[in-house]
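As a plain string of letters, each chain reads:
2 protein chains.
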Amino acid sequence: MIILQPRPLTIEAFAPYGDVLETGAAHELRHINYGNTDRYHDVAALDVLAEGGQPLVSIFRSRPLPRPIAVTVMERHPLSSQAFYPLSQHPYMVVVAEAGEFDAGKLQAFIASGTQGVNYRKGTWHHYSLALDKPCDFLVIDRGGPEKNCDEVFLDGANIRTVNY
Amino acid sequence: MIILQPRPLTIEAFAPYGDVLETGAAHELRHINYGNTDRYHDVAALDVLAEGGQPLVSIFRSRPLPRPIAVTVMERHPLSSQAFYPLSQHPYMVVVAEAGEFDAGKLQAFIASGTQGVNYRKGTWHHYSLALDKPCDFLVIDRGGPEKNCDEVFLDGANIRTVNY
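For the protein sequence lines, the chains are A and B, in the order given. Quick note: the first sequence, position 144, residue 144 per this note's numbering, numbers continuous. Quick note: the second sequence, position 122, residue 122 per this note's numbering, numbers continuous.
Read the hints as simulated data drawn from the structure, not as lab findings. Predicted model only: the values in this text are computed from it and were never measured. Keep in mind that a hint or two might mislead.
Put simply, identical chains are the same to the list, so a pair is met inside one copy or across any two.
[Claimed, not checked] Below, in silico cross-link-like pairs of lysine to any residue (SDA-like), each with a Cα-Cα straight-line distance of 25 angstroms or less:
(1) Lys122 - Ala15
(2) Lys106 - Ser88
(3) Lys148 - His90
(4) Lys106 - Ala25
(5) Lys122 - Tyr34
(6) Lys148 - Asp38
(7) Lys122 - Ile32
(8) Lys134 - Ser88
(9) Lys148 - Thr10
Just chain A, same shape as in the assembly:
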C-alpha cells in the first residue's frame, strides 16, 4: 500500500496545478466601497471560455469517503479550469497530478483550510471534491457548453494510493 502524505496547501506548493483562492498578500488588495470593503482582486486565473465555453457557477455538496481515502480515480478537464471554494469553513482534501500523461507516481495531496479555495488549471489531474469528516459545500466555477470536458483515469493494483488522513 503506497501512502500519500498530505501537505498544507500554499500558493507556492500548488503552483504546478493551479491557483489558491485566499485573502493575503499574494493577491492585489483594493480598498473599495468608501473604505468599507477590501477587495482581493482576481484571485484565480479562470479559463473557461475556450471553444465557446461560458462561465458557470454551481454549488457542490460533497459527502466524505470512507477512511482511509483510497485514490482509485482521477479526472481532468481538457477545455477549462475548475475552481472550488469551501462554504462550510472546514478543511478538505485536494489530490492532484500535473497536466499531461497521467503518472500515479506524481500524485500529491494537500489539506486546504476552510478559507482556501483551489482553481485547477486546464488539464490538471485532480480527485473529485473530498470532504473530510462531514459533508462540505463548495461554490464551483467551471465551464458550460456541450463539448465533452472530463477525462477519467482509473487506478488499480500498485497504482492505488491511500491518503494518510
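Please arrange chain B on chain A, whose structure you already have, making use of the hints.
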C-alpha cells in the same frame, strides 16, 4: 425619515433583480462523483462576457456600516452581472432597485441568510455589500476588462432611506 423594511430573500421575491444562489429544488440537481456529490447546477445567470469581458473571481471583506444603515449611494454595472456568495455563514443585507432610471421610491431591502448568494442582473441598482454585526467575506464573480462598468447615484434629502435592522 423613510424606513426600508427588509424581507427574507427568496428566489421569487428577488426575481426582478437577479438570481439567488442556493441549494434546493429550484435548481437542477445532478448526482455526480459516483454518488458522493450533489451538484446544484448553474445556479446563477452569469453575464460577464459583453464587449470582450472576462469572468473574474475575487474575495471581498466587508465591514458593517453604523446602524441604522442609511442608504445614500447605489451602484449598477451596465455591462455585467455581479454575483456574491457569503463565506462567513452569517446573514447580510441586500438593497436593490430595478434596472433602468433610478427611482428611490422603488428601493427594496432583503435579508440573505449565510447560505444564500445573490447575482445582480446587469444594470440592477444595488448597494455595495452590507455585512451585518461583524465583518463578512464574500466570493464575488464579476467582469474583468478595461471598460468603465460602474455607475453610481447619490441619495440625499428625502431620497435617503434608512434600513430597519
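Hints, one by one, checked against the model:
Taking the shortest Cα distances, Lys122 and Ala15 sit within 25 angstroms of each other inside one copy (13 angstroms), while across copies they are farther apart (34 angstroms). Taking the closest pair of Cα atoms, Lys106 and Ser88 never come within 25 angstroms of each other, the shortest separation being 29 angstroms inside a single copy and 35 angstroms across copies. In the homo-oligomer, the alpha carbons of Lys148 and His90 never lie at most 25 angstroms apart, since the shortest distance is 32 angstroms inside one protomer and 38 angstroms across protomers. Taking the shortest alpha-carbon separations for Lys106 and Ala25, neither the intra-copy value of 29 angstroms nor the inter-copy value of 40 angstroms comes in at or below 25 angstroms.
In this assembly of identical chains, Lys122 and Tyr34 lie within 25 angstroms of each other by CA distance solely across copies; the values are 22 angstroms between and 37 angstroms within a copy. For a Cα distance limit of 25 angstroms, the shortest separation of Lys148 from Asp38 across copies, 20 angstroms, qualifies, whereas the shortest one inside one copy, 38 angstroms, does not. For the homomeric pair Lys122 and Ile32, the shortest alpha-carbon distance between copies (20 angstroms) is at most 25 angstroms, but the shortest distance inside one copy (31 angstroms) is not. Taking identical chains as interchangeable, the C-alpha atoms of Lys134 and Ser88 lie at most 25 angstroms apart whether they share a chain (10 angstroms) or sit on different chains (18 angstroms).
With identical chains, the CA atoms of Lys148 and Thr10 are never at most 25 angstroms apart, being 31 angstroms at best within one copy and 34 angstroms at best between copies.
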